[in-house]
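J.: For reference, the chains in residue letters:
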Amino acid sequence: MAKIEKSPWLLHYDGSSCNGCDIEVLACTTPVYDVERFGVINTGNPMHADIFLVTGGINSQNAEVVKQIYNQMPNPKVVLAVGTCACTGGIFKECYNILGGVDTVIPVDIYVPGCAARPESIIDGVVQAVALYKEKQKTWKKEEKTEKGA
Amino acid sequence: MGKRSVVPFGPQHPVLPEPIHLDLVLEDEKVLAAVPSIGYVHRGLESLVTKKDFQEMAYVAERICGICSFGHGMGYCMTIEDIMNVEVPRRADYLRTIWMEMSRLHSHLLWLGLLADGFGFESLFMQSWRIREGILDMFEESTGGRVIFSVNQIGGVKKDMSKEMLANFQKRFDEMEKEVRKLTRVFLDDYTVKSRLEGIGILTGEDAIRRGAAGPMARAAGIAVDMRKTGYAAYDDIDFEVITSDKYDSYGRCEVRIGEIFQSFDIIRQCIRKIPDTEINVAVKGNPPEGESIVRIEQPRGEAFYMSRTNGTKFLDRMRVRTPTFANLPALTQTLQGCQYADVPLLILTIDPCISCTER
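Chains A and B, in that order, are what the protein sequence lines are.
Quick note: the first sequence uses the working numbering, first residue 1002, plus one each step.
Quick note: the second sequence uses the working numbering, first residue 195, plus one each step.
In case anyone wonders, no lab produced these hints; they're calculated from the structure.
Glycine included, every Cβ here is placed at the ideal spot set by N, Cα and C.
Take these hints with a grain of salt, some might be off.
Covered stretches of chain A (in silico footprint by chain B; criterion: 3 or more residues with CB under 8 Å from a CB of chain B, positions within the stretch not fixed) [unchecked claim]: (1) 1029-1037; (2) 1052-1061; (3) 1081-1095; (4) 1127-1140.
The calculated lysine to aspartate or glutamate pairs, modelled on EDC-like cross-linking and capped at a C-alpha distance of 16 Å, are [said to hold, decoys possible]: (5) Lys372(B) with Asp460(B); (6) Lys1094(A) with Glu250(B); (7) Lys441(B) with Asp401(B); (8) Lys1135(A) with Asp1110(A); (9) Lys353(B) with Glu373(B); (10) Lys1094(A) with Glu240(B); (11) Lys246(B) with Glu1095(A); (12) Lys245(B) with Glu1095(A); (13) Lys508(B) with Glu334(B); (14) Lys388(B) with Asp311(B).
Extracted from the complex, chain A is given alone in its bound form (with noise of 0.2 Å):
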C-alpha cells in the first residue's frame, strides 16, 4: 500500500480584523479556490486542528481567548498569521486597545501580508503551513520519542 499522509485540518480564528481578511479566507474553501484540494478542512473545534489560521489583529479582550485556543490544539501545531494586522498591527496599530499582531501571545510559523489578503496569498500560506507541519510531525515524533526514552 502507498504511503498515506495525514490531511492536515485547520481552525480559523477571527482576532480584531475588519472582516476583509476572514471573508478573503471563507472565499478560499469556495469552488472558485477550493484550498481543501490541498487536503485541509476548515474545522471549528480547536481539538481537531493542526493549523491554526488567525486573522486581525490582538486586543485585550481576544488576547486569552487566542492563548486558550492554541493550548487546546493538539501538537505539532502550524500558526499562520493572515493579513497585515495579523502580522504587525496594521493600521490599527497605534489604537488604544491593540496589543500588535498575533505573535504577541503565541508564537506564529508564517506571515502572510496584504490589506486584505487576496486569496492566492492565502493559499500560498497554507500550502507552506502544511509543508511545515510535515516537517514538524517528523521532528516531534523523534522529540517525544527521546523523551520517553530518556
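Since the structure of chain A is already known, use the hints to place chain B on it.
T.: Structure of chain B alone, referenced to chain A:
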C-alpha cells in the same frame, strides 16, 4: 419544570466567522434568555482621528468592516463634504451608487451562503459564493481591490468607469441575475429549507419598533424603513420601492434580502442608463472649518449613522459611527427567547451580524 442551565456560545464558534459571545439560559432545549457580551473585536478605531488627518481617515473608515467597506468610506466622506460645503460631481454620485449596490449584492449573496451553511445545505453555500465571486471580479476591475477598495475621497471618487466597462458589466449583471433567480428558488420554495426557516424567530412590527431594529430585520417585520429613500448620492434619481415582508420570521428576512438582490440589479441598470458625463472629483483645498455633520446611509445590514466634528485643524475632534448590527442586537435577544437551542446559530445569522462594524 425542566432543568435550568447556562450554556456559553462563542466567541469562537464554527458557524460564525466572527467572535460574539452569548450566555444562553436554557430550560432543557428551550432558550429562556440570551445575554450577549461583545468586545472581542474592539480596536478603538474612532480614536485614530487624533493620529490620522481627515484625508487619511477615509481609509481608516473603510476598514471599519470589510463587507460594507465601500459604504463606510462613503458615509465618512459625505460628512466631511457637508462640513466643507463641497458639491460632489454628479458622475461621482452615480459611481458611488453603483459601487454601493454592488456591495449590497455581494453582502446579500454572502449572507445567503452563510445561511445555507447554517442550516447545513453545503452545496447551496458553495453556489451562492460562486456567484458572488463574479461581483468581486467586477470590483477588482473597476477599483483594484476585492474587499477594500479605497476609491472614495473627499470631493468624489478616485476611479472612473469607462463606457465599455459599464456596458460589459451590464451584460455580466444580466447573466448573473438569471443565475441568482435559479438559486433563490431553492431558498424560497424548497421544502427542507422552508421547514428550517418558517415560524422561527418571530419579530413582530411592534417589537421591531420597540427594540429599534434596522434594515432587513425591520423590513421583514413589515416596517418600510430605508435610508436610500432620503435621496443621498444618486438615489433621488432612482425609481425603487422599499421591499417589506409580512411574515415576521426567518423566512421573511430571507425573502426581503432576496428581493433586495433583484432590486440592486435594477438600481444598477438604471444608474448605467442615466449616468451623466461629468468630472469624477473636485479638488479640496485646506482644512475643514469648524463644524459638525451627521449622515445616515443604508448599508446592506440597515441604517448606518456617521458623525464628524471638526475644529479647523487637519485632525478631527470626533468621529462616531453607529452601525446596523448594534441596532439589531436587542431584536436578536427578543427572537432568541423561546426558541430551540439548535436554532440559535441560524437565528444569529438571520440578523446578518457584522461584529467588526459593531465594535470597531
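J.: All hints are to be evaluated individually against the structure, with a verdict given for each.
T.: Verification of the supplied hints:
For the region 1029-1037 of chain A, the stated coverage by chain B is satisfied: 3 residues place a CB nearer than 8 Å to a CB of that chain, which reaches the threshold of 3. Evaluation of the coverage hint for the region 1052-1061 of chain A: fulfilled, as 3 residues show C-beta separations to chain B shorter than 8 Å, against a requirement of three. With 3 residues having a beta carbon nearer than 8 Å to a beta carbon of chain B, the region 1081-1095 of chain A meets the requirement of three or more and the stated coverage holds. For a cut-off of 8 Å, the count of residues in the region 1127-1140 of chain A with a CB near a CB of chain B stands at 0, and the three-residue condition is violated.
A hinted pair counts as satisfied when its Cα atoms are at most 16 Å apart, and Lys372(B) with Asp460(B) qualifies at roughly 13 Å. Among the hinted pairs, Lys1094(A) with Glu250(B) is consistent with the structure: their alpha-carbon atoms are about 15 Å apart, no more than 16 Å. A distance of roughly 14 Å separates the Cα atoms of Lys441(B) and Asp401(B); the hinted pair therefore holds under the 16 Å criterion. The straight-line distance between the Cα atoms of Lys1135(A) and Asp1110(A) is roughly 13 Å, inside the 16 Å bound, and the hint therefore holds.
For the hint pairing Lys353(B) with Glu373(B), the CA-to-CA distance comes to about 29 Å; that exceeds 16 Å, so the pair is violated. With a C-alpha separation of about 13 Å, the suggested pairing of Lys1094(A) with Glu240(B) holds against the 16 Å cut-off. Taken as a hint, the Lys246(B) and Glu1095(A) pair is honoured in the structure, with Cα atoms around 10 Å apart against an allowance of 16 Å. Of the supplied pair hints, the one linking Lys245(B) and Glu1095(A) holds, its CA atoms being roughly 8 Å apart against a limit of 16 Å.
For the proposed pair Lys508(B) and Glu334(B), the alpha carbon gap of about 31 Å is over 16 Å, so the pair is violated. Using a Cα cut-off of 16 Å, the hinted pair Lys388(B) and Asp311(B) holds, with the two alpha carbons roughly 15 Å apart.
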